[in-house]
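*Asks:* Take a look at the letters that make up each chain.
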Amino acid sequence: MDRPVAIVTGGSRGIGRAIVDRLMSDGYNVVTCGRGARPKGLDLRVVWVQADVSLTGDAARLISQANRAFGRVSLLVNNAGVQVEKTVADSDDDDWDLVMNVNCKGVFNMCRAALVDMAEHGGNIINIGSISGMVSDPSMALYNASKAFVHGLTRSIAVDHGPKVRCNAIRPGWIMTEMAEDGFALANDPKRAMEDALVRHPVGRFGEPADIANTVSWLASDQSAYVTGACFTVDGGMTAASPLNPGLF
Amino acid sequence: MGMLEGKVALVTGGRGGIGRAIVSRFLREGAVVYAADLTQRGSLDTHDDDGSRFVKLDVTQEAGAKAAMEQVAADEGKLDILVNAAGIEIEKTIEDTSLEEWNRSFAVNVTGTFLTSKYALALMRRAAGGGNTASLINFGSYDGFIADPGLAAYCATKGAVHALTRAMACDHGPEGIRVNAICPGYVDTPMLQSFFTGEGSGGGGKTIDQLQQAVRDVHPMRSYGTAEDIANLVNWLASDEARYASGQLWVLDGGLSAQVQQMKL
Chain A
15 MDRPVAIVTG GSRGIGRAIV DRLMSDGYNV VTCGRGARPK GLDLRVVWVQ
65 ADVSLTGDAA RLISQANRAF GRVSLLVNNA GVQVEKTVAD SDDDDWDLVM
115 NVNCKGVFNM CRAALVDMAE HGGNIINIGS ISGMVSDPSM ALYNASKAFV
165 HGLTRSIAVD HGPKVRCNAI RPGWIMTEMA EDGFALANDP KRAMEDALVR
215 HPVGRFGEPA DIANTVSWLA SDQSAYVTGA CFTVDGGMTA ASPLNPGLF
Chain B
100 MGMLEGKVAL VTGGRGGIGR AIVSRFLREG AVVYAADLTQ RGSLDTHDDD
150 GSRFVKLDVT QEAGAKAAME QVAADEGKLD ILVNAAGIEI EKTIEDTSLE
200 EWNRSFAVNV TGTFLTSKYA LALMRRAAGG GNTASLINFG SYDGFIADPG
250 LAAYCATKGA VHALTRAMAC DHGPEGIRVN AICPGYVDTP MLQSFFTGEG
300 SGGGGKTIDQ LQQAVRDVHP MRSYGTAEDI ANLVNWLASD EARYASGQLW
350 VLDGGLSAQV QQMKL
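For the protein sequence lines, the chains are A and B, in the order given. One rule links them: number in the working numbering = place in the first sequence (from 1) + 14. One rule links them: number in the working numbering = place in the second sequence (from 1) + 99.
You may find that some hints are simply not true.
[What the hints assert, rightly or not] Restricting the straight-line Cα-Cα distance to at most 35 Å, the calculated cross-link-like pairs of lysine-lysine (DSBU-like) are:
| hint | chain 1 | residue 1 | chain 2 | residue 2 |
| --- | --- | --- | --- | --- |
| 1 | A | 205 | B | 305 |
| 2 | A | 100 | B | 305 |
| 3 | B | 191 | B | 305 |
| 4 | A | 205 | B | 165 |
[Claimed, not checked] If the Cβ cut is set under 8 Å, some of the chain B residues that face chain A in the computed set are:
| hint | residue |
| --- | --- |
| 5 | 245 |
| 6 | 247 |
| 7 | 285 |
| 8 | 357 |
Bear in mind the hints are in silico, worked out from the structure with no lab data behind them. Glycine residues also receive a C-beta, built at the ideal position from the N, C-alpha and C atoms.
All chains should be built: construct the whole structure from the sequences, respecting the hints.
*Replies:* Next up, the structure:
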């Protein structure tokens with residue numbers, strides 16, 4: 015039987031890379047993309063397309079290249095995203111364009127391009143949202159808002175394009191990627207910052223990219239056949255706890 | 100003219116920290132107010148006559164709930180507003196919570212809300228109609244959504260109150276009775292101050308002042324709420340201004356639960 019075909023956006027590193035690796039071992043043919051050149055160490059069987067999902071033409075090109083390489087696409091994972099660490103007062107038009115173009119228009123572009131085929135022949139879309147789309151990270155205003163957009167779009171696609179298409183979102187919490195490590199490095203007392211952040215996680219550790227990839231794998235599988243329009247939080251319990259933890263101050 | 104002229108209200112826990120602020124606001128807005136509590140002083144040390152009518156009520160006792168409503172029926176013949184503000188909290192994990200403490204938490208916070216509401220409904224139906232709505236206001240908590248450590252039974256009771264609020268709104272909306280819950284965050288009450296001084300506070304050698312400041316700093320509004328802040332929303336929900344508001348859980352926490360965990364970075 016032919017391997018099913020998946021597109022994962024933003025698969026060069028971090029969470030996206032873990033999703034690519036997991037889908038490969040789950041038996042998919044995988045196409046991934048990023049704005050730069052093919053990253054080092056990427057499984058040679060994975061097709062890399064240099065593309066910017068915020069450009070409508072690039073989104074369509076990504077689908078057609080996947081079709082040419084492997085056939086029709088049955089799974090789309092919208093992982094590509096950027097963040098700008100600013101309040102509304104500090105954000106300028108360029109910040110808005112960057113965050114909204116990648117995180118909102120990019121997801122919209124890819125869904126729209128994939129739905130040309132999926133709406134008729136079926137498919138599965140998994141969007142990477144964020145806990146920040148539910149509760150706010152300070153000084154991340156546009157990012158927080160862009161992720162709330164992703165959650166709303168997820169529900170809309172599930173409603174409009176079911177039963178042929180399932181669409182769900184995953185809301186990761188703190189996942190240890192290079193981006194998160196950079197954050198701790200900037201802290202006044204990196205060791206204390208790390209300890210403080212850890213104790214706010216009921217599972218006692220930060221997330222790993224594989225935790226998100228595991229969730230993608232399940233949502234991509236028939237085990238989740240009845241799941242659509244859902245936004246699942248995968249954050250080690252962090253947002254289940256009050257931010258006011260008296261033991262911490 | 101006050102917002103509640105001509106209305107009759109009963110507030111359980113009406114002599115406690117938040118309850119007194121609600122009673123006093125209702126009186127200022129022109130309502131006839133019954134303050135129901137275990138004693139005249141409630142959870143505080145003293146009580147000055149504020150113009151409310153005291154009803155001795157243990158919300159866990161069915162006979163007491165019946166008797167309180169019979170008194171309102173005899174005096175006024177109707178009840179426009181019921182506020183279920185009586186509540187307790189046990190500061191323990193489930194492992195440390197005895198069955199007795201667990202049952203006591205549910206008896207006051209959940210069964211109390213059930214019993215008082217159950218016997219108030221007939222009187223509230225009499226107030227509703229002719230374009231008027233009656234308003235039943237429960238006390239949930241932001242702890243019904245996200246958990247504070249070492250407060251397990253309390254969190255569970257508040258989650259139950261939230262679900263009960265929606266259920267009652269569905270069942271009694273057609274009768275003109277609106278049902279909402281207020282979900283406060285940290286509010287300056289005797290309950291909060293005892294939390295600061297209690298064993299559960301985990302103060303780490305900090306003074307109460309330092310502890311209070313630390314709590315304020317975690318709030319986007321940089322303060323915790325006052326009982327008056329809660330009374331402001333209760334008053335609005337009780338008034339005709341809120342005639343289309345029902346079945347909702349109104350979080351009032353200075354933005355505390357709008358944010359992700361505030362790590363020290």
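*Asks:* Verify the proposed pairing of residue 205 of chain A with residue 165 of chain B, using a straight-line Cα cut of 35 Å.
*Replies:* Cα-Cα ~59 Å, so violated.
*Asks:* Is the Cα-Cα distance between residue 205 of chain A and residue 305 of chain B 35 Å or less?
*Replies:* Status holds; Cα separation ~22 Å.
*Asks:* Let me know if the C-beta of residue 245 of chain B comes in closer than 8 Å to any C-beta of chain A, holds or violated.
*Replies:* holds (5 Å)
*Asks:* When the nearest CB of chain A is found for residue 357 of chain B, is that gap smaller than 8 Å?
*Replies:* holds (6 Å)
*Asks:* Given the proposed pairing of residue 191 of chain B with residue 305 of chain B, does the C-alpha separation stay at or below 35 Å?
*Replies:* holds (21 Å)
*Asks:* Can the restraint linking residue 100 of chain A and residue 305 of chain B be considered satisfied, given a maximum Cα separation of 35 Å?
*Replies:* Since the Cα atoms of residue 100 of chain A and residue 305 of chain B sit roughly 33 Å apart, the hinted pair holds (cutoff 35 Å).
*Asks:* May I ask you to test the interface hint for residue 247 of chain B with respect to chain A, counting a Cβ-Cβ separation under 8 Å as satisfied?
*Replies:* holds (5 Å)
*Asks:* Would the stated hint for residue 285 of chain B survive a check requiring a Cβ distance to chain A of less than 8 Å?
*Replies:* With a minimum Cβ separation of about 7 Å from chain A (threshold 8 Å), the hint on residue 285 of chain B holds.
Consistency with the previously given hints fails for number 4 only.
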